[in-house]
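Residue numbers (numbering that gives the first Met the number 0), protein chains in the order written: chain A, 0 to 180; chain B, 0 to 385.
Hints were generated in silico from the structure; no laboratory data involved.
Fair warning: there could be bad hints in the mix.
Each computed DSSO-like pair below joins lysine-lysine, with the alpha-carbon atoms no more than 27 angstroms apart [said to hold, decoys possible]: (1) B:Lys226 - B:Lys97; (2) B:Lys306 - A:Lys3; (3) B:Lys226 - B:Lys371; (4) B:Lys211 - B:Lys226; (5) A:Lys3 - B:Lys97.
Only some residues are given here: those of chain A computed to face chain B with a beta carbon under 7 angstroms [said to hold, decoys possible]: (6) Ile6; (7) Trp12; (8) Arg13; (9) Ala27; (10) Ala125; (11) Glu150.
Glycine included, C-beta positions come from ideal geometry on N, C-alpha and C.
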Amino acid sequence: MKTKIPIEELLRWRLARAEAEAPRPPRAARLLELARPWWEVWPEQFRSLVERLGQVQVGYGHAMAEPTQSRTARPVAALIVRAGEEFQASASVLYFSIEGRRLRLRLQIDPAHGRSDPAFEVTFIAAATSIPLFSSHATLSVENEYRLDAELPEEVAADWGEMKVTDRMPFRLILRADTNS
Amino acid sequence: MSEEYGIARCSSVYAPGREAAVAVANRFGGAATGPVSGLPDHTRVGAFDRQAAPPDLKRIFSMVRRFSPPLLNVGVSVSDEIETLNRQVAALAASGAKARAAGNETEAEKYFRRGFALAADAVKRTPMKSQVPGRLEVLRVAARLALDCGEVAEARRLMEEAFTIDASSRFSDEWAQIRDIQAWPDPWLVAAVRRDPPDGAALDALANRYWKALFGRCQLLTVNHDKANDLAQQAWCRILRARHGLKPGGNFAAYLATIATNLWRDAHRGARRAGPMAEDRMSSLDETFSTNEGESIALGDVLPDLKSLGAEDQTLLAMDIDNALGNLTPQLREVLVARFITGESCAEIALRHGRTEQSISGWVRQALREMKLHLEAASGRVAVKA
Numbered sequence: 000m001k002t003k004i005p006i007e008e009l010l011r012w013r014l015a016r017a018e019a020e021a022p023r024p025p026r027a028a029r030l031l032e033l034a035r036p037w038w039e040v041w042p043e044q045f046r047s048l049v050e051r052l053g054q055v056q057v058g059y060g061h062a063m064a065e066p067t068q069s070r071t072a073r074p075v076a077a078l079i080v081r082a083g084e085e086f087q088a089s090a091s092v093l094y095f096s097i098e099g100r101r102l103r104l105r106l107q108i109d110p111a112h113g114r115s116d117p118a119f120e121v122t123f124i125a126a127a128t129s130i131p132l133f134s135s136h137a138t139l140s141v142e143n144e145y146r147l148d149a150e151l152p153e154e155v156a157a158d159w160g161e162m163k164v165t166d167r168m169p170f171r172l173i174l175r176a177d178t179n180s
Numbered sequence: 000m001s002e003e004y005g006i007a008r009c010s011s012v013y014a015p016g017r018e019a020a021v022a023v024a025n026r027f028g029g030a031a032t033g034p035v036s037g038l039p040d041h042t043r044v045g046a047f048d049r050q051a052a053p054p055d056l057k058r059i060f061s062m063v064r065r066f067s068p069p070l071l072n073v074g075v076s077v078s079d080e081i082e083t084l085n086r087q088v089a090a091l092a093a094s095g096a097k098a099r100a101a102g103n104e105t106e107a108e109k110y111f112r113r114g115f116a117l118a119a120d121a122v123k124r125t126p127m128k129s130q131v132p133g134r135l136e137v138l139r140v141a142a143r144l145a146l147d148c149g150e151v152a153e154a155r156r157l158m159e160e161a162f163t164i165d166a167s168s169r170f171s172d173e174w175a176q177i178r179d180i181q182a183w184p185d186p187w188l189v190a191a192v193r194r195d196p197p198d199g200a201a202l203d204a205l206a207n208r209y210w211k212a213l214f215g216r217c218q219l220l221t222v223n224h225d226k227a228n229d230l231a232q233q234a235w236c237r238i239l240r241a242r243h244g245l246k247p248g249g250n251f252a253a254y255l256a257t258i259a260t261n262l263w264r265d266a267h268r269g270a271r272r273a274g275p276m277a278e279d280r281m282s283s284l285d286e287t288f289s290t291n292e293g294e295s296i297a298l299g300d301v302l303p304d305l306k307s308l309g310a311e312d313q314t315l316l317a318m319d320i321d322n323a324l325g326n327l328t329p330q331l332r333e334v335l336v337a338r339f340i341t342g343e344s345c346a347e348i349a350l351r352h353g354r355t356e357q358s359i360s361g362w363v364r365q366a367l368r369e370m371k372l373h374l375e376a377a378s379g380r381v382a383v384k385a
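Sequences are here, hints too, so could you generate the full structure?
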């Protein structure tokens, strides 16, 4: 006997089957290990990248002269890391807003560095101390422009609470491509 | 003298805690400190109104004050303090729950922490020789508040103390939820995971609770068992990295699903932009379909009743569905899952995608048509076998 089956029902049936076939959930220890920030997992690589980041020179005059950059945009030293490649770059902060502990940020990457990656894991490094502050994911919105929405650590939120987009940014950025895990 | 004691006892029966409660609350009140008058109205213990009190009570109180045997006063005072604290704790817990339900986690945590501090104070003040049920209740309230704050170790300590006082409470219904981590509501588990370091047992319980549903969704999106497993783990990693911002009162399952979908969408964003059909596809999908047919397009008489399928046919049908889903663009697949698995309306999906409701409705129809085509082409095999 054959009956008409709505696709919706087929999808639900497939979902139930997938749930039944799900592998065992990872243990908490495994999840926490996977979630460790990359600078703790690979401290040597982090040190090396921070060293290279420290060599990036950003000139305000240069940034202001760029026709694609807004007048208020503040350049920030950045290092783009793709598989096996590193590029020194500068990023312009186009929008910066903190509400409570929520940071909303829009930044533009210097277009001289090839393709626009669909997303970056952005690590904020304290400009003064080179300490990693936090990391978050930024996704491409338009050409070379990325949006980031992150919950800030309490102390960072307190320090940055009064900052405006026109202020000098107290951080530098390491932008890691293709790092969803 | 014995008569005086009798009167004093009467006073504690007739006016449990009232006058003494106000004095005590003003001495000990607040999130641990600060007068009761500083608390919101609903957390304040009903003040004793001398003028409004019945004449008999006024007379009794004046007699009690006149004789007031010191030892008895201490007993009454301690009992009243605890009662006052308990009432404040209950009010703070209710306020915390209200704030949490409203999504105001900062306020909620403040209330819960104040409540927990007071509850812990009440535990300390409850005399060891006091009645067991009363002490157990104080411990239970404190343990629940500890869990509301994510203080799992404190909750466990209080629970063990209760079990030491009365071993039978280990098996009582009152303690069942606190004892069994699998029975903890999401807010307790999430609050425990938010903390530094996160509680491993709570994380295990939370992962176990939602893993299958998360994996199922990831399977529909990725149409691949291994990729689904990876995506589900990535979603958990993303959540754990930002765990301090988790809202215990939020819908955790929905949040997990959203994170997984966003990760999957981000991974396909580049491909979609660069895809050879991308632009053409987007423009055609933006068109609204004018047909009046429902969103669920029934397959023709090509598939048997799902319940009657044998194991092998089920496997084949699952493969057919996966193939049909795999032939959709990632965006259409995502919209289909959002519409029929998550149950989002076209308007809600449209808001997320920055499109019109009509556009999304068109996408859903397009996805259903394509699914139907693929399934019809493949289902001969299933139909023949069935």
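Against the structure, the hints come out as follows:
no. : hint                : result
1   : B:Lys226 - B:Lys97  : 40 angstroms, violated
2   : B:Lys306 - A:Lys3   : 13 angstroms, holds
3   : B:Lys226 - B:Lys371 : 25 angstroms, holds
4   : B:Lys211 - B:Lys226 : 15 angstroms, holds
5   : A:Lys3 - B:Lys97    : 47 angstroms, violated
6   : Ile6                : 5 angstroms, holds
7   : Trp12               : 6 angstroms, holds
8   : Arg13               : 5 angstroms, holds
9   : Ala27               : 4 angstroms, holds
10  : Ala125              : 18 angstroms, violated
11  : Glu150              : 3 angstroms, holds
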